[in-house]
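**Student:** Chain by chain, the residues:
Protein chains: 4
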Amino acid sequence: MANSKFEYVRNFEQADSLLPNTWIVVRIDGRAFTKMCAKYRFQKPNDRRALDLMNTAAKAVVTELSDTIIAYGVSDEYSFVFHKSSNLFERRASKLVSTVVSTFTANYVYSWSTYFPDAPLSPPLPTFDGRAVCYPTVQNLRDYLSWRQVDCHINNLYNTTFWSLIQLGGLDNKDAERTLAGSLAADKNEILFSRFHINYNNEPEIYKKGSVVFRHYELVDPNGHTVDTDTDADGLAEPIQQQSKSRAEKDRKKRAKARVVVEHMDMIKDDFWDRRPWILSNKPGKVPKEA
Amino acid sequence: MANSKFEYVRNFEQADSLLPNTWIVVRIDGRAFTKMCAKYRFQKPNDRRALDLMNTAAKAVVTELSDTIIAYGVSDEYSFVFHKSSNLFERRASKLVSTVVSTFTANYVYSWSTYFPDAPLSPPLPTFDGRAVCYPTVQNLRDYLSWRQVDCHINNLYNTTFWSLIQLGGLDNKDAERTLAGSLAADKNEILFSRFHINYNNEPEIYKKGSVVFRHYELVDPNGHTVDTDTDADGLAEPIQQQSKSRAEKDRKKRAKARVVVEHMDMIKDDFWDRRPWILSNKPGKVPKEA
Amino acid sequence: MANSKFEYVRNFEQADSLLPNTWIVVRIDGRAFTKMCAKYRFQKPNDRRALDLMNTAAKAVVTELSDTIIAYGVSDEYSFVFHKSSNLFERRASKLVSTVVSTFTANYVYSWSTYFPDAPLSPPLPTFDGRAVCYPTVQNLRDYLSWRQVDCHINNLYNTTFWSLIQLGGLDNKDAERTLAGSLAADKNEILFSRFHINYNNEPEIYKKGSVVFRHYELVDPNGHTVDTDTDADGLAEPIQQQSKSRAEKDRKKRAKARVVVEHMDMIKDDFWDRRPWILSNKPGKVPKEA
Amino acid sequence: MANSKFEYVRNFEQADSLLPNTWIVVRIDGRAFTKMCAKYRFQKPNDRRALDLMNTAAKAVVTELSDTIIAYGVSDEYSFVFHKSSNLFERRASKLVSTVVSTFTANYVYSWSTYFPDAPLSPPLPTFDGRAVCYPTVQNLRDYLSWRQVDCHINNLYNTTFWSLIQLGGLDNKDAERTLAGSLAADKNEILFSRFHINYNNEPEIYKKGSVVFRHYELVDPNGHTVDTDTDADGLAEPIQQQSKSRAEKDRKKRAKARVVVEHMDMIKDDFWDRRPWILSNKPGKVPKEA
Numbered sequence: 001m002a003n004s005k006f007e008y009v010r011n012f013e014q015a016d017s018l019l020p021n022t023w024i025v026v027r028i029d030g031r032a033f034t035k036m037c038a039k040y041r042f043q044k045p046n047d048r049r050a051l052d053l054m055n056t057a058a059k060a061v062v063t064e065l066s067d068t069i070i071a072y073g074v075s076d077e078y079s080f081v082f083h084k085s086s087n088l089f090e091r092r093a094s095k096l097v098s099t100v101v102s103t104f105t106a107n108y109v110y111s112w113s114t115y116f117p118d119a120p121l122s123p124p125l126p127t128f129d130g131r132a133v134c135y136p137t138v139q140n141l142r143d144y145l146s147w148r149q150v151d152c153h154i155n156n157l158y159n160t161t162f163w164s165l166i167q168l169g170g171l172d173n174k175d176a177e178r179t180l181a182g183s184l185a186a187d188k189n190e191i192l193f194s195r196f197h198i199n200y201n202n203e204p205e206i207y208k209k210g211s212v213v214f215r216h217y218e219l220v221d222p223n224g225h226t227v228d229t230d231t232d233a234d235g236l237a238e239p240i241q242q243q244s245k246s247r248a249e250k251d252r253k254k255r256a257k258a259r260v261v262v263e264h265m266d267m268i269k270d271d272f273w274d275r276r277p278w279i280l281s282n283k284p285g286k287v288p289k290e291a
Numbered sequence: 001m002a003n004s005k006f007e008y009v010r011n012f013e014q015a016d017s018l019l020p021n022t023w024i025v026v027r028i029d030g031r032a033f034t035k036m037c038a039k040y041r042f043q044k045p046n047d048r049r050a051l052d053l054m055n056t057a058a059k060a061v062v063t064e065l066s067d068t069i070i071a072y073g074v075s076d077e078y079s080f081v082f083h084k085s086s087n088l089f090e091r092r093a094s095k096l097v098s099t100v101v102s103t104f105t106a107n108y109v110y111s112w113s114t115y116f117p118d119a120p121l122s123p124p125l126p127t128f129d130g131r132a133v134c135y136p137t138v139q140n141l142r143d144y145l146s147w148r149q150v151d152c153h154i155n156n157l158y159n160t161t162f163w164s165l166i167q168l169g170g171l172d173n174k175d176a177e178r179t180l181a182g183s184l185a186a187d188k189n190e191i192l193f194s195r196f197h198i199n200y201n202n203e204p205e206i207y208k209k210g211s212v213v214f215r216h217y218e219l220v221d222p223n224g225h226t227v228d229t230d231t232d233a234d235g236l237a238e239p240i241q242q243q244s245k246s247r248a249e250k251d252r253k254k255r256a257k258a259r260v261v262v263e264h265m266d267m268i269k270d271d272f273w274d275r276r277p278w279i280l281s282n283k284p285g286k287v288p289k290e291a
Numbered sequence: 001m002a003n004s005k006f007e008y009v010r011n012f013e014q015a016d017s018l019l020p021n022t023w024i025v026v027r028i029d030g031r032a033f034t035k036m037c038a039k040y041r042f043q044k045p046n047d048r049r050a051l052d053l054m055n056t057a058a059k060a061v062v063t064e065l066s067d068t069i070i071a072y073g074v075s076d077e078y079s080f081v082f083h084k085s086s087n088l089f090e091r092r093a094s095k096l097v098s099t100v101v102s103t104f105t106a107n108y109v110y111s112w113s114t115y116f117p118d119a120p121l122s123p124p125l126p127t128f129d130g131r132a133v134c135y136p137t138v139q140n141l142r143d144y145l146s147w148r149q150v151d152c153h154i155n156n157l158y159n160t161t162f163w164s165l166i167q168l169g170g171l172d173n174k175d176a177e178r179t180l181a182g183s184l185a186a187d188k189n190e191i192l193f194s195r196f197h198i199n200y201n202n203e204p205e206i207y208k209k210g211s212v213v214f215r216h217y218e219l220v221d222p223n224g225h226t227v228d229t230d231t232d233a234d235g236l237a238e239p240i241q242q243q244s245k246s247r248a249e250k251d252r253k254k255r256a257k258a259r260v261v262v263e264h265m266d267m268i269k270d271d272f273w274d275r276r277p278w279i280l281s282n283k284p285g286k287v288p289k290e291a
Numbered sequence: 001m002a003n004s005k006f007e008y009v010r011n012f013e014q015a016d017s018l019l020p021n022t023w024i025v026v027r028i029d030g031r032a033f034t035k036m037c038a039k040y041r042f043q044k045p046n047d048r049r050a051l052d053l054m055n056t057a058a059k060a061v062v063t064e065l066s067d068t069i070i071a072y073g074v075s076d077e078y079s080f081v082f083h084k085s086s087n088l089f090e091r092r093a094s095k096l097v098s099t100v101v102s103t104f105t106a107n108y109v110y111s112w113s114t115y116f117p118d119a120p121l122s123p124p125l126p127t128f129d130g131r132a133v134c135y136p137t138v139q140n141l142r143d144y145l146s147w148r149q150v151d152c153h154i155n156n157l158y159n160t161t162f163w164s165l166i167q168l169g170g171l172d173n174k175d176a177e178r179t180l181a182g183s184l185a186a187d188k189n190e191i192l193f194s195r196f197h198i199n200y201n202n203e204p205e206i207y208k209k210g211s212v213v214f215r216h217y218e219l220v221d222p223n224g225h226t227v228d229t230d231t232d233a234d235g236l237a238e239p240i241q242q243q244s245k246s247r248a249e250k251d252r253k254k255r256a257k258a259r260v261v262v263e264h265m266d267m268i269k270d271d272f273w274d275r276r277p278w279i280l281s282n283k284p285g286k287v288p289k290e291a
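Residue numbers (the UniProt record's numbering), protein chains in the order written: chain H, 1 to 291; chain X, 1 to 291; chain W, 1 to 291; chain G, 1 to 291.
Be aware that one or more of the hints could be misleading.
Identical copies look the same in the list; a pair holds intra-copy or inter-copy alike.
When the alpha-carbon atoms are kept at most 27 angstroms apart in a straight line, the in silico DSSO-like pairs for lysine-lysine are as follows [to be verified]:
hint	residue 1	residue 2
1	59	35
2	59	39
3	257	286
4	208	59
5	286	35
6	174	283
7	257	35
8	44	257
9	289	253
10	253	286
11	254	39
12	35	250
13	208	283
14	35	254
Note that these hints are calculated values from the structure, not bench results. Computed from a predicted structure; not experimentally measured.
When you get a sec, could you build the whole thing from the sequences and use the hints?
**Tutor:** Quick look at the structure:
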């Protein structure tokens with residue numbers, strides 16, 4: 001029985017390759033997580049177990065997809081960045097997005113019981129949707145990550161104050177909302193401190209900064225060292241095809257061996273990037289001795 | 001701290017809405033399933049547990065996403081069809097694909113231990129990638145599904161014969177390949193019957209036909225009944241927006257209550273569709289009394 | 001000197017093929033035609049010479065691009081429809097749009113002096129922009145054309161009344177606008193008739209209906225004849241590739257010889273289409289004897 | 001008569017905005033120019049009138065679309081570059097391509113008689129198709145332009161030698177082809193010089209280098225001057241929205257007044273760009289006194 005009669009349907013598939021030489025961000029978001037939070041009684045304003053579970057799933061994605069250079073997570077969302085030189089799945093958007101989402105979801109469900117041993121999953125299960133966005137320059141990419149990290153800060157300060165008013169101050173949701181309407185950051189800090197003796201600065205970094213996932217190598221001294229991402233960062237990148245295949249293969253293997261870490265630190269300032277030139281260059285750094 | 005400085009990065013996200021009034025097929029495929037099969041010792045040529053697990057995950061997708069009208073699975077792939085009138089996620093390709101893939105993956109991992117109690121999962125976990133394709137006409141859509149079902153038949157006949165030669169005939173892989181090179185369907189049927197007393201027609205339907213997932217209502221007599229998908233099937237569909245919202249809402253609820261079934265039957269002939277007009281019309285049928 | 005060092009830039013070109021088996025409409029619009037009208041003193045509310053020039057350019061497009069089945073023009077816009085089976089330029093949107101726009105513009109500029117012998121063109125020259133839209137069903141396509149023709153009617157009734165109030169009634173623009181604010185079609189007919197003795201029904205068809213461009217064959221009696229577009233119109237189209245190449249070639253030649261006509265008639269009712277089955281079937285009809 | 005019944009068809013139009021912060025190249029190509037060349041007896045290997053006509057049309061495009069920063073033409077093709085910060089037509093591909101193609105075509109047809117007074121146009125008229133491609137970095141953009149200019153050189157050397165063999169050497173086409181098969185640049189130079197006393201270096205620059213169109217300001221000394229495109233060229237571009245609107249408006253006016261010139265010079269080396277920083281910065285330079 002020949003299949004040729006029907007095979008014409010393959011021609012309906014349409015190309016969705018992402019523009020070459022751009023940084024690809026795949027962002028995933030929890031679907032209906034408000035319900036999830038209620039169903040499994042996530043703590044407010046932050047549930048450490050839920051965040052640790054997100055980070056575990058994100059680490060698996062970064063580890064398995066070695067073209068990801070960095071990931072950033074906050075709340076029920078995570079952004080994965082593919083290096084601009086990546087040709088994974090020929091840069092097809094649907095393959096990139098679906099693979100990230102599937103790997104993340106698989107690990108989230110698989111590791112659930114480690115973090116919530118007393119609250120077994122039941123259908124409908126936690127799921128995530130995703131999308132891919134391209135950024136042409138390092139500045140655009142860093143602005144994207146800064147946008148997410150500033151958002152993390154804004155939301156966490158609000159939520160911390162909001163839930164303090166409720167949990168410690170005895171207000172109901174509406175009164176807490178009303179109290180915070182139009183308030184500035186300084187006002188919220190003041191409410192936390194004067195009413196509840198909470199110094200926001202002392203809150204855990206994971207809540208204030210979110211989580212940054214990347215491969216760990218020896219830090220670089222930004223002053224004593226000619227950071228070799230210069231050529232990559234300046235938009236005058238070498239043509240994609242000119243890196244030798246064997247070199248690319250070697251680098252891939254090095255990256256596969258590198259330790260993937262989860263940190264909670266500022267990515268907005270230059271320092272983070274200056275000391276970790278391998279992230280934007282995608283050239284593996286020195287493996288630390290202690291590792 | 002204002003976020004406005006960075007928010008411009010949102011403008012880089014690009015629209016990916018699928019053409020209205022077309023049938024959307026989201027097909028997912030197992031990633032690196034050859035390795036998976038080896039790692040968890042899937043039986044050859046078909047592992048019933050693995051197929052049942054696929055079907056369980058697919059049922060969850062069809063149940064949770066009520067705009068899916070039918071799904072078809074074979075081996076490590078599954079196709080989910082959204083009705084041409086669906087406006088789920090405003091028809092954004094990345095949202096549709098990622099949601100299907102995430103829901104499928106979550107259920108696959110979650111239900112794994114039910115079907116493989118003695119082979120616990122370990123990283124790297126099973127994952128799936130996906131893509132969306134639009135089909136403008138019922139004929140194109142049916143040809144797509146026929147294409148997959150014919151493929152199922154062709155592959156299963158080959159694999160059944162191939163593994164019989166090895167498992168029952170004592171050949172090694174190369175000899176089995178050589179034996180089958182250039183053989184026609186009749187040749188394979190003959191090999192199975194004369195050498196191994198296997199009548200291919202008696203093989204389980206799930207292997208020969210794959211799995212069809214849909215909502216179950218009372219079957220319709222194609223002769224005694226004016227099938228009311230006529231208007232939908234003839235390309236002269238009513239404008240999408242003209243169905244009243246309340247009617248749409250009622251239909252959605254009815255669909256949500258309908259029983260989702262997994263069958264192993266021919267979808268290529270008209271009969272399957274004639275007796276189940278609700279699949280293409282997306283108008284819920286009569287709930288069977290026995291249900 | 002080898003060019004290979006730079007040739008990688010070709011990879012940045014992205015696919016833009018339009019979905020197969022859908023009707024492609026390329027609509028072009030005059031750019032800055034308000035200025036054009038003033039500069040060359042187009043008559044209000046309709047300038048017959050300008051419309052004839054548009055029609056001449058449109059005829060050239062339909063004649064030169066034999067995959068166009070019909071075109072419809074009103075004011076400074078024109079829509080060109082490519083048959084759903086067309087594979088012209090592999091259905092690449094940019095090629096289709098740019099070729100239509102270029103052919104139209106070339107003919108518009110070339111034929112200008114025929115229609116405006118006393119008003120020679122000077123820079124900036126008249127130009128047009130364009131876009132392509134796909135319609136999956138005949139009904140969608142006909143609704144598109146009906147949309148444009150209804151728009152023609154609505155605008156022409158308004159403009160005819162508006163300019164009568166000014167040219168015959170002595171009102172200024174603002175007063176004319178005010179007079180028509182909120183008026184219904186009946187009100188405008190009444191104003192035309194009672195104030196200016198104009199029976200709108202007697203206005204020239206070209207102004208009321210716009211211009212329809214198509215290949216002319218012998219009309220078909222919709223009752224006495226089994227219209228052979230049935231299979232095409234019902235969404236159950238034959239797979240695209242199944243029409244034989246030689247047949248397609250013959251049809252192309254016949255179409256190339258057919259006379260392209262410009263008519264001003266109703267396309268909204270079925271009659272127009274029933275009597276001209278060749279438009280939607282793309283199978284050339286009988287050449288009329290008188291031709 | 002309401003139009004609402006049909007207006008749903010507008011929803012079928014799909015977004016085609018090009019990625020922000022990337023350099024947009026719209027390249028147009030003559031359609032069927034081999035026939036055109038024969039019909040109007042263009043001189044071989046280069047027809048100066050035809051090239052001058054192309055350049056006249058290109059100047060009109062650059063002049064009328066002030067977001068174009070440079071254009072490059074060779075033979076029957078022309079590439080127009082829009083600055084990466086351009087938001088013309090909201091960066092919609094079809095609008096950009098169609099407007100460039102239409103403006104070019106209109107001017108080509110309009111100016112034809114100036115360059116070919118003795119060969120009046122007749123249908124089918126000269127037309128062009130077009131496409132848009134995005135380049136993320138200055139280097140990618142310059143590589144694109146270098147690619148076209150190297151192509152110009154390669155083709156012109158070949159064509160000059162080929163036609164010399166025929167026109168001066170008396171060979172027929174096949175023999176000329178055979179003579180050049182596998183020849184290197186040096187071989188062609190040698191043939192030209194030894195057989196026909198032609199020093200290729202003395203050929204007109206317009207044939208060897210093609211035509212570069214840009215706004216003319218006072219040249220900058222690359223050494224004595226800190227070229228202020230640094231920030232733009234290094235990929236660390238300021239967010240697009242941060243340039244003030246009034247500044248943008250002023251710059252637009254300055255650009256509109258600048259003289260658009262056509263030159264035949266090397267764009268591959270840095271010198272061209274270093275001395276004309278306004279091209280990549282899109283900040284108007286100093287208007288030369290002599291202008």
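**Student:** All the hints need checking, so say for each whether the structure fits it.
**Tutor:** Structure-based check of each hint:
In this assembly of identical chains, the alpha carbons of residue 59 and residue 35 lie at most 27 angstroms apart whether taken from the same copy (25 angstroms) or from different copies (22 angstroms). Within a single copy, residue 59 and residue 39 get their C-alpha atoms as close as 25 angstroms, and across copies as close as 22 angstroms, so both meet the 27 angstroms cut-off. In this homomeric assembly, residue 257 and residue 286 come within 27 angstroms of each other (Cα to Cα) only inside a single copy, at 12 angstroms, whereas the closest approach across copies is 55 angstroms. For a Cα distance limit of 27 angstroms, the shortest separation of residue 208 from residue 59 inside one copy, 20 angstroms, qualifies, whereas the shortest one across copies, 40 angstroms, does not.
Taking the shortest alpha-carbon separations for residue 286 and residue 35, neither the intra-copy value of 45 angstroms nor the inter-copy value of 32 angstroms comes in at or below 27 angstroms. Proximity of residue 174 to residue 283 under the C-alpha cut-off of 27 angstroms is found in neither arrangement, the shortest distances being 52 angstroms within a copy and 42 angstroms between copies. Proximity of residue 257 to residue 35 under the C-alpha cut-off of 27 angstroms is restricted to the inter-copy arrangement: shortest distance 21 angstroms between copies versus 38 angstroms within a copy. Proximity of residue 44 and residue 257 under a CA criterion of 27 angstroms is satisfied in neither setting, with 37 angstroms inside one chain copy and 34 angstroms between copies.
Taking the shortest alpha-carbon separations for residue 289 and residue 253, only the intra-copy value of 18 angstroms comes in at or below 27 angstroms, while the best inter-copy value is 60 angstroms. For the homomeric pair residue 253 and residue 286, the shortest alpha-carbon distance inside one copy (14 angstroms) is at most 27 angstroms, but the shortest distance between copies (53 angstroms) is not. For a Cα distance limit of 27 angstroms, the shortest separation of residue 254 from residue 39 across copies, 25 angstroms, qualifies, whereas the shortest one inside one copy, 42 angstroms, does not. For the homomeric pair residue 35 and residue 250, the shortest alpha-carbon distance between copies (23 angstroms) is at most 27 angstroms, but the shortest distance inside one copy (45 angstroms) is not.
Within a single copy, residue 208 and residue 283 get their C-alpha atoms no closer than 30 angstroms, and across copies no closer than 41 angstroms, so neither meets the 27 angstroms cut-off. In this assembly of identical chains, residue 35 and residue 254 lie within 27 angstroms of each other by CA distance solely across copies; the values are 23 angstroms between and 41 angstroms within a copy.
Of the numbered hints stated above, those contradicted by the structure are hints 5, 6, 8, 13, listed in ascending order.
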